[in-house]
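Enquirer: Residue numbers (the UniProt record's numbering), protein chains in the order written: chain H, 1 to 114; chain P, 1 to 411.
Accuracy of the hints is not assured; some may be wrong.
Here are the in silico distance ranges between beta carbons for each label pair [what the hints assert, rightly or not]:
hint: 1; chain 1: P; residue 1: Arg321; chain 2: H; residue 2: Asn38; range: 46 to 52 Å
hint: 2; chain 1: P; residue 1: Glu138; chain 2: H; residue 2: Thr53; range: 42 to 48 Å
hint: 3; chain 1: H; residue 1: Glu12; chain 2: P; residue 2: Arg74; range: 35 to 41 Å
hint: 4; chain 1: P; residue 1: Ala314; chain 2: H; residue 2: Asn10; range: 44 to 50 Å
hint: 5; chain 1: H; residue 1: Ser16; chain 2: P; residue 2: Asp211; range: 30 to 36 Å
hint: 6; chain 1: H; residue 1: Asn10; chain 2: P; residue 2: Pro120; range: 24 to 30 Å
Rather than coming from a laboratory, the hints here were simulated on the basis of the structure.
All C-beta atoms in this analysis are idealised placements derived from N, C-alpha and C, irrespective of residue type, glycine included.
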Amino acid sequence: MKYLCLVYANEEQLHSLPESPEDSECYAYSEQQNPHANFLASEALESVETATTVRPRGNDVTITDGPFAETKEQLVGFYMIEARDLNHAIDYAKGIPAARVGCIEVRPVRDLDI
Amino acid sequence: MPGLSIQQQISLLYKQQSRRILATLIRLLGDFELAEEAMQEAFSAALKQWPAEGIPEKPRAWLISAGRFKAIDRLRKLKRQAAWADEFIEHTGDSFSLSTQDIDDDQLRLIFTCCHPALPEDARVALTLREVCGLTTEQVASAFLLKPTAIAQRIVRAKRKIREAGIPYEVPEKKQLPQRLNTVLQVIYLVFNEGYCASSGDNLVNSALMDEAIHLTRQLSHLLNTTEINGLLALMLFQSSRRAARTNEQGKLLRLDQQDRSLWNNQQIKEADRLLQDILPKPDMGPYTIQAAIAGLHADAPHYKDTNWREILAFYDLLIRIQNTPVVALNRAVALSMAFGPEEGLKAIKQLNHSGVLDNYHLLHASQADLHRQLKQFNQAAACYRRAIELSEQSAERHYLQQQLDKLNKP
Chain H
1 MKYLCLVYAN EEQLHSLPES PEDSECYAYS EQQNPHANFL ASEALESVET ATTVRPRGND
61 VTITDGPFAE TKEQLVGFYM IEARDLNHAI DYAKGIPAAR VGCIEVRPVR DLDI
Chain P
1 MPGLSIQQQI SLLYKQQSRR ILATLIRLLG DFELAEEAMQ EAFSAALKQW PAEGIPEKPR
61 AWLISAGRFK AIDRLRKLKR QAAWADEFIE HTGDSFSLST QDIDDDQLRL IFTCCHPALP
121 EDARVALTLR EVCGLTTEQV ASAFLLKPTA IAQRIVRAKR KIREAGIPYE VPEKKQLPQR
181 LNTVLQVIYL VFNEGYCASS GDNLVNSALM DEAIHLTRQL SHLLNTTEIN GLLALMLFQS
241 SRRAARTNEQ GKLLRLDQQD RSLWNNQQIK EADRLLQDIL PKPDMGPYTI QAAIAGLHAD
301 APHYKDTNWR EILAFYDLLI RIQNTPVVAL NRAVALSMAF GPEEGLKAIK QLNHSGVLDN
361 YHLLHASQAD LHRQLKQFNQ AAACYRRAIE LSEQSAERHY LQQQLDKLNK P
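Sequences are here, hints too, so could you generate the full structure?
Expert: What follows is the structure, given as structure tokens:
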């Protein structure tokens, strides 16, 4: 099964806590062989201050500054993986370096019904 | 099973084995609904074939195998799933072997799946009672003091999450076991209590559920030997030992002071005593071990009047510190009244329900009634008995409360 591991953290602290990971460590985690899951893709995101929300309705498009929802912790990156089951996906998520200063939402990917 | 017709034997097999068969089918098929349907179809097939062909040598394996093939047939008919069915057959092979060990492990796997931390806490218990123990949604609802529709919704959502999030059927690895164990123990004890107290209907002592809970705990104890598993096992054995003494010939519920203690099962008491002796000195006593110690004090009293209420109260004081629930508080109030008199008990109960949250808890009104009666406050006692009768869903219990009420009127 494919899982998307969404990394949430408080942006203001993400890079400044003693436990904060260096970019090189995040990159290394995606490169290294993992016994629990196969890595498919991952990216880090720019700050939510750079986010734009687009909402088309009929002929109108509403464009607003900022993220879709204001939350204490923000979406700061993601890892897409292929794992046997949720337990394996959780084991992979536990090791994501940024998880130390935030949390990971593990979501199964839904196959489109086509 | 001589003397029984084949239909009766199949019905007995259903009663005793259907949950185990279901657990294995869930593992083989990876889907609750599919497994449930497959099992029902396997039993219908048995009803058709066995009268003519005789009962197979290994009926359980026959039923699992039949259920599996019925499910594959069903999947093949659904065109969308055909590819999956082929892959499934390739994966598991057309023939497969099932040892008794495999089947027992499947039930354990299913428990850990139903108690997975990725499921909401309230859904874990509901799901286990429904899927592992085969309770009806109504029984689960009454164990939770909730409406059946609410429970049904919880179960449907939990099953969907298991399927869609890919929660596996497996016993957790050793290092994750202790963490995952607490919910499992909570679930098992609820199962036991559902059998012990049978909250609705006329079947007061549902022995099968109690045996099931004890069996599951033994299996767990075998897998992971912790204080609390053995504490829970001791607790259930003490309670189970009173099974034969809890009701009279008319099915009427008997209180501890009315029970014929010679009917208590000594073998179970001895086993529980042995378990307690091994674990009691440990500092990490959890709620089950403490409750077992309380049950042990009852079991060790030759007569009701010999009960050591002060020691029981001391254990309740310990228990309420780690498990401050209405049920524990009510039991503590009763122990308090036994040790220091009914006025003390009443005070504690009134304090307990001063916010009114426990107004629908029938045992609270029943205990209050008993204490008013002991203080010869008959009008208050009668009102409390009436309220308890109104709230109780268990006919034997209602009958008992009615008798207590009637006795008030003819002093």
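Enquirer: Does each hint hold? Answer for all of them.
Expert: Hints versus structure:
| no. | hint | result |
| --- | --- | --- |
| 1 | P:Arg321 x H:Asn38: 46 to 52 Å | holds, 48 Å |
| 2 | P:Glu138 x H:Thr53: 42 to 48 Å | holds, 47 Å |
| 3 | H:Glu12 x P:Arg74: 35 to 41 Å | violated, 54 Å |
| 4 | P:Ala314 x H:Asn10: 44 to 50 Å | holds, 47 Å |
| 5 | H:Ser16 x P:Asp211: 30 to 36 Å | violated, 58 Å |
| 6 | H:Asn10 x P:Pro120: 24 to 30 Å | holds, 26 Å |
Figure legend: structure checked against the earlier numbered hints; hints not met, in rising order: 3 and 5.
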